[in-house]
Amino acid sequence: MIRVGITGGIGSGKSTVCKIFAVLGVPVFHADIEAGKLYRQKDIIRTVSGKFGKDILDSSGGINKKILSDIVFNDPGALTFLNSVIHPAVREVYQKWLQGHSNRSYTIYEAAILMESGYYKHNDLNIVVTAPEDLRIQRVVKRDQVTDEDVRNRIKNQWDDEQRIARADFVITNDGNSPLIPQVLKIHQEIIRKDA
Amino acid sequence: MKNQLLKYFNSVFKARDKKARNQSYVFLICLGLSLFIWTMIKLSEESEAEIEFPVSYSNIPQDKILINSKVNEISLRFEEKATKLFHLKFIKKKTPVNISLSNMNLQQKGDKYYGYLFTAFMIDYITRQLDLPGTVISVSPDTLFFVFEDMVEKTIPVDINIEISLEKQFMLYDSISVRPDSIVLSGPLSIVDTIENIIIADIHLSDINKTLVLQKAIGIHENTQFLTFTPPQVEITIPVAEYTESYFDIPVRINNSGDHTIRTFPESVRIVYLVALKDYNKVTAEMFSCVADFGNINIETEHKVRVRVLNVPSYVKVTRIEPDEVEYIILKQ
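So the protein lines, in turn, are chains A and B.
Be aware that the first sequence starts at 1, since it is given in my numbering, and climbs by one per residue.
Be aware that the second sequence starts at 197, since it is given in my numbering, and climbs by one per residue.
It is worth saying that the hints were derived from the structure and are not from the lab.
Take these hints with a grain of salt, some might be off.
Unchecked claim - Calculated cross-link-like contacts (lysine-lysine; reagent style DSSO-like; alpha-carbon spacing at most 27 Å):
hint, chain 1, residue 1, chain 2, residue 2
1, B, Lys364, B, Lys474
2, A, Lys194, A, Lys121
3, B, Lys513, A, Lys142
4, B, Lys280, A, Lys186
5, A, Lys65, A, Lys156
6, B, Lys280, B, Lys238
7, A, Lys142, B, Lys474
8, B, Lys305, B, Lys260
9, A, Lys51, A, Lys65
10, B, Lys364, B, Lys266
11, B, Lys406, B, Lys364
12, A, Lys142, B, Lys364
13, B, Lys500, A, Lys19
14, A, Lys66, A, Lys156
15, A, Lys65, A, Lys54
16, B, Lys500, A, Lys142
17, B, Lys290, B, Lys238
18, B, Lys290, B, Lys280
19, B, Lys478, A, Lys142
20, B, Lys305, B, Lys266
21, A, Lys186, A, Lys37
As the structure is a prediction and not an experimental result, all values here were calculated from the model.
Excised from the complex, chain A in its bound form (with noise of 0.2 Å):
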């Protein structure tokens, strides 16, 4: 089974591509969709809590992700704790969705800092969704309702596309104007005759 890593910067369309690759059928596992459930777990809960003290849990128990992200923010060594604390759990989950997929001629793995993380070495092949970074904040501030400039921080915090381009077999341009559909199926087709 070839296990293919998707990336792309904030508002590039990694889930609109995703949602396509499923759509013909190839198992997609979200990372941060999980890692996002793996904060309401007790022992992550517990650890978390315990490095950065109890006002980071909301009135509920868990984790005050507005507080979290604050914090991570303005401290680049709690994001390092962050990260060590929830990508192995995340690649536990991952390794355990990879066996119930076995027989597939190959998965995708979706990740907002795939490159940034060095996960991307773990893959067989690695697509980049990339589009100009204005088209990227218009899209983001209309889905997230934010500002520009929240969305412009973000991006900074990430890697720029030639980076994670530099290290991609494949790149997806979804800029608007080039269709994304031919440009999935070219990659699809090619990703299955490779795993023949």
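Fit chain B to the supplied structure of chain A, relying on the hints for placement.
Quick look at chain B alone, frame taken from chain A:
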């Protein structure tokens, strides 16, 4: 002459010689008395004078309308004592002379009817009406001419020529309405036939921020004097409301896909619309639907299909669909 008289009076009143001044006073008193007596004699004598009276017309032929310029005043020449003539001309209020057209013969030429009356034959009739002293010698003008046309009625639409600007965030809630939207026009056939509609023009309003109801009179027409408008005025309603922008994400329905199973990307689109604040809470996502129609799409060559809004509440204005084109994938045939 005026200067000479003034000089004379100055010399009289400022004369240093008392005797000369007294003589002058006596002369002036005598002169004044003579003038008064002469005037009294003249006023008691028979005299002639011409006096104008306003005219009104009655018994105008039914279903006809007068289209020529009618005479509004006639002059009566009297013979009477000057005192009475003076009173009649300058003091007594003049009642209008009524002229009945009931006995006038009309001659038709084309669409028009012509008639005339000799005022000389109407002296007794006029004298009786006005209860005049003395004798009316003559009437001027000597003939009254009349031109009539058939009076017709026609229902015509009322159009408005209106220019408005609205305050920011305010929009027309509905179309501008005119009530009634048509009126009955009555008048001479030759004029009525040329009028297809009535345009109420020159309405310029700016920065409107509420609904306006205007009453506008009809009658601005070059031939208004011959025309009657029923009703004589219309009510113009400019419905204005404050609007806000909102949106719903609506799934794209697929039409005319034949035997194909098709999925679109994205599967839903954002319909952005403007809605009046008063209707904001009435709008629900279920009121909207949109469709990707594959009827005219060549699936071999075209990668995108346009999304069309199918259903939308009548009181919202769709400003855009995001995206307005979607990609699609054919799953099986």
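Taking the hints in turn, this is what the structure says about them:
Only pairs whose Cα atoms come within 27 Å are accepted, and lysine 364 of chain B paired with lysine 474 of chain B is accepted, the gap being roughly 17 Å. At most 27 Å may separate the alpha-carbon atoms for a hinted pair to count; lysine 194 of chain A and lysine 121 of chain A meet this at roughly 18 Å. Proximity of lysine 513 of chain B to lysine 142 of chain A is assessed by CA-CA distance (about 20 Å); at most 27 Å being required, the pair is judged to hold. Among the hinted pairs, lysine 280 of chain B with lysine 186 of chain A is inconsistent with the structure: their alpha-carbon atoms are about 118 Å apart, more than 27 Å.
Annotation: proposed proximity of lysine 65 of chain A to lysine 156 of chain A holds, straight-line Cα distance about 20 Å (limit 27 Å). Under the criterion of a C-alpha separation no larger than 27 Å, the hint pairing lysine 280 of chain B with lysine 238 of chain B is consistent with the structure, at around 12 Å. Proximity of lysine 142 of chain A to lysine 474 of chain B is assessed by CA-CA distance (about 25 Å); at most 27 Å being required, the pair is judged to hold. The hinted pair formed by lysine 305 of chain B and lysine 260 of chain B meets the criterion: a straight-line CA distance of about 14 Å does not exceed 27 Å.
Restraint check for lysine 51 of chain A and lysine 65 of chain A: the C-alpha separation of about 15 Å stays at or below 27 Å, so the hint holds. Taking the CA atoms of lysine 364 of chain B and lysine 266 of chain B, the gap is near 55 Å; set against the 27 Å cutoff, the hint is violated. A C-alpha spacing of about 12 Å is found between lysine 406 of chain B and lysine 364 of chain B, which places the hinted pair at or below 27 Å, so the restraint holds. For the hint pairing lysine 142 of chain A with lysine 364 of chain B, the CA-to-CA distance comes to about 23 Å; that is within 27 Å, so the pair holds.
For the hint linking lysine 500 of chain B to lysine 19 of chain A, the alpha-carbon distance of about 17 Å falls within 27 Å, and the restraint holds. With a C-alpha separation of about 19 Å, the suggested pair lysine 66 of chain A and lysine 156 of chain A falls inside the 27 Å cut-off, and the hint holds. Between lysine 65 of chain A and lysine 54 of chain A the CA atoms are separated by roughly 13 Å; this keeps the pair inside 27 Å, and the hint holds. A threshold of 27 Å between alpha carbons decides the hint, and for lysine 500 of chain B with lysine 142 of chain A the separation of about 22 Å falls inside it, so the pair holds.
Distance hint between lysine 290 of chain B and lysine 238 of chain B is fulfilled; the C-alpha atoms sit about 25 Å from each other, no more than 27 Å. For the given pair, lysine 290 of chain B sits about 14 Å from lysine 280 of chain B by alpha-carbon distance, which is consistent with the 27 Å threshold. Taking the CA atoms of lysine 478 of chain B and lysine 142 of chain A, the gap is near 24 Å; set against the 27 Å cutoff, the hint holds. Distance hint between lysine 305 of chain B and lysine 266 of chain B is fulfilled; the C-alpha atoms sit about 19 Å from each other, no more than 27 Å.
With a C-alpha separation of about 33 Å, the suggested pairing of lysine 186 of chain A with lysine 37 of chain A is violated against the 27 Å cut-off.
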